[in-house]
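Number of protein chains: 2
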Amino acid sequence: MIYAYKEDEARKILSAAKGRVLGAYFIGSTKTSTIPGISVAGATPELTLYTPAVDAEYLFCGRPLSTDRIPVTPEGIPTPALITRAALNSSGIPFIVVDSGSYVEPRIPHVALPSRTVGERVDSGEAIPYDVAKGLFEEGKALARGIARSAELTIIGESIPGGTTTALGILIGLGYEAWGLVSSAAPKNPLALKRRVVEEGLKRSKLPSDDPFEAVAGLGDPVHVSMAGFLAGTVETGSRLILAGGTQMAAVLAIAKHTGVPLEGRVLVGTTRWLLDDSDLVSLVKLIHPGVPVVACNLDFSGSPYEGLRYYEKGYVKEGVGAGGTGIAAMVRGTTHKRLLGLIHEEYERLMEGR
Amino acid sequence: MIYAYKEDEARKILSAAKGRVLGAYFIGSTKTSTIPGISVAGATPELTLYTPAVDAEYLFCGRPLSTDRIPVTPEGIPTPALITRAALNSSGIPFIVVDSGSYVEPRIPHVALPSRTVGERVDSGEAIPYDVAKGLFEEGKALARGIARSAELTIIGESIPGGTTTALGILIGLGYEAWGLVSSAAPKNPLALKRRVVEEGLKRSKLPSDDPFEAVAGLGDPVHVSMAGFLAGTVETGSRLILAGGTQMAAVLAIAKHTGVPLEGRVLVGTTRWLLDDSDLVSLVKLIHPGVPVVACNLDFSGSPYEGLRYYEKGYVKEGVGAGGTGIAAMVRGTTHKRLLGLIHEEYERLMEGR
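Residue numbers (my numbering), protein chains in the order written: chain P, 1 to 355; chain D, 356 to 710.
What the hints contain is simulated information worked out from the structure, not anything from laboratory work. Glycine residues also receive a C-beta, built at the ideal position from the N, C-alpha and C atoms. Certain hints may be false.
Listed next, the in silico DMTMM-like pairs over lysine to aspartate or glutamate satisfying Cα-Cα at most 20 Å (straight line) [unchecked claim]:
id, chain 1, residue 1, chain 2, residue 2
1, D, Lys612, D, Glu702
2, P, Lys31, P, Glu9
3, P, Lys18, D, Glu532
4, D, Lys373, P, Asp300
Some chain P residues judged to face chain D by a derived CB distance under 10 Å, without partners named [unchecked claim]:
id, residue
5, Gly37
6, Phe60
7, Pro64
8, Phe95
9, Asp99
10, Gly140
11, Gly146
12, Ala148
13, Arg149
14, Leu343
If we strip away everything but chain P, and leave its shape as in the complex, we get (with noise of 0.2 Å):
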């Protein structure tokens, strides 16, 4: 475990992963990933519509359903929902999916929420309705009163492609200078394209605000908002969380946040060894609220005897599908290093035999 931020506040968090632990999915899909450069989360960008769907499949039942194989980048590195499958099992952490706008309907049992919508390209400057963003809020904070209330600890999530970029329109659109702070799946992040997308999106809308709300009709998607939501019923219900992702979790941050909810002492940002190599997450959190810590699992792919998990070690893919926090709730529970390295290797031979 890396501590980056606030070790001794994020080992109380941490601490509550031995007891009753619940993990919580959020898939949604923003056309943003189809602009050409934007996302390597998926083999074209076309398939990035699909990774959604096909990583709540895959972390569901071991398998893709919607599409033949798992979501790959271009280079055919698999999604990190490996990991996250892994760890999930190696210590038995009950988890669901929840849907909040995926391009096709994931073909396992998900949470569906009522408002869900997939989100239009931010540089339209409206990727979703106002009523929609807050109804999502609503709706990810009524879910968490309702499965969250017997857990100590809460890990949430996400698979969106393309969702740093929108996690960077959220950021710009509350006022955050946050230009160049965002990570990528990509070993060379496209950040000059990204700024441009967001600032095509910025010119068109009346933003920055302090409403986030308004950030998230503007330059937003429908997974963020839905997780800040789900964030704020939990901490309601006494529940510690972790949220599991990158430089996108400031974007849950700053939206929970601006909607007042506290986050001291109850919320961690859990992340990946090759996410912080790759960004300043720490600067990036404190600029959104100075008390949350960062924490990274340093699940180290280097000896694996398989390329496509080496090359997570030469800068590609690096997070999702909550793979980092999953993993260091799982490391608190009891799961070793070398466990849940084995696990991996398990999963990844098997999907490349296609059993």
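Once you have looked at the hints, place chain D on chain P.
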């Protein structure tokens, strides 16, 4: 608490209610409920199609969303979801709503099963496609594996108007001599009509059969088979189970038994005193599996200041939405009869005042 059958075994299972409990409430529709005289779970036969969604909405957020008011019988007697909601909230039990095929999508976060479908009238002999029946079972099972695996006790309930008729259909379809053994939400059980409807369907089918999916496909509905799948997945995780309902739970038990799920020492039927008084539930359960205990929640509305609730004592409504079994779990967790009654009265008042 009334230990109607196998007290020692029941106490053993119920002791798990002090630990981690999860509630799962399955909703779905069958057009059987629109046959005049079959169901009183709605003000009119047509309105029964909305009852499952509105029950779920009320359970989740305390008010109806898809209709103006909560489900009532033609006489205006309110849904047993009042009891369920009071029991869940008094004891902090987390829960989910699972849509197996509601006529309208509930306007709250809910688990959607990919194979969800509204059932056709049972007298057609073609209630749901065979593959759908199998799909719902598998999806229920997968859901339980994902979400129930940290629970020590799981409660499953249902809202499906016309459900006693389809339950009868499933039992007859599997070759059980269940004619006349199912209960009703009406004080005068329309048994002759139920028999006619099921016999009509039976004639048009190739039943009886030992294959539970054939029985469900011919004379069943989407809900009971989903619950049986969820039961199967829950048993796998090691969690104990309360089948929260009346005679319909015999259909769930029968489907599970015919797919080879071990039931003894793991599952009990939890119901209400009103239901026990109305039917020979114990004989019916014994007919399916002599090792499954039956327990009833001893709620008493005879001293209630509200006529709508006092009607329960006259044989109206009796059970539904897992009311009895959820009440039992709440009581084992420390909710007193007095407190539960007080909360139910609060709910009733609030609803009558339209708050």
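Verification of the supplied hints:
Only pairs whose Cα atoms come within 20 Å are accepted, and D/Lys612 paired with D/Glu702 is rejected, the gap being roughly 38 Å. The suggested pairing of P/Lys31 with P/Glu9 is violated, with an alpha-carbon distance near 38 Å, which exceeds 20 Å. Of the supplied pair hints, the one linking P/Lys18 and D/Glu532 is violated, its CA atoms being roughly 50 Å apart against a limit of 20 Å. A hinted pair counts as satisfied when its Cα atoms are at most 20 Å apart, and D/Lys373 with P/Asp300 does not qualify at roughly 41 Å.
Residue-level restraint check for P/Gly37 is violated (minimum Cβ-Cβ distance to chain D is 33 Å; threshold 10 Å). Checking P/Phe60 against chain D by beta carbon gives a least distance of about 6 Å; that is within 10 Å, so the hint holds. Interface restraint check for P/Pro64: the shortest CB-CB distance to chain D comes to about 14 Å, outside 10 Å, so the restraint is violated. With 10 Å as the threshold, the beta carbon of P/Phe95 comes within range of chain D, its nearest partner Cβ sitting at about 6 Å, so the hint holds.
Checking P/Asp99 against chain D by beta carbon gives a least distance of about 8 Å; that is within 10 Å, so the hint holds. Against a cut-off of 10 Å between C-beta atoms, the interface hint on P/Gly140 holds, since the closest Cβ of chain D lies about 8 Å away. For P/Gly146, the interface hint holds, the least distance from its beta-carbon to any beta-carbon of chain D being 6 Å, beneath 10 Å. A distance limit of 10 Å between C-beta atoms decides the matter here; for P/Ala148 the minimum to chain D is near 7 Å, and the interface restraint holds.
The beta carbon of P/Arg149 is positioned within 10 Å of a beta carbon in chain D (closest approach about 5 Å), and the interface hint is therefore held. With a least beta-carbon distance of about 16 Å to chain D, the hint placing P/Leu343 at the interface is violated under the 10 Å criterion.
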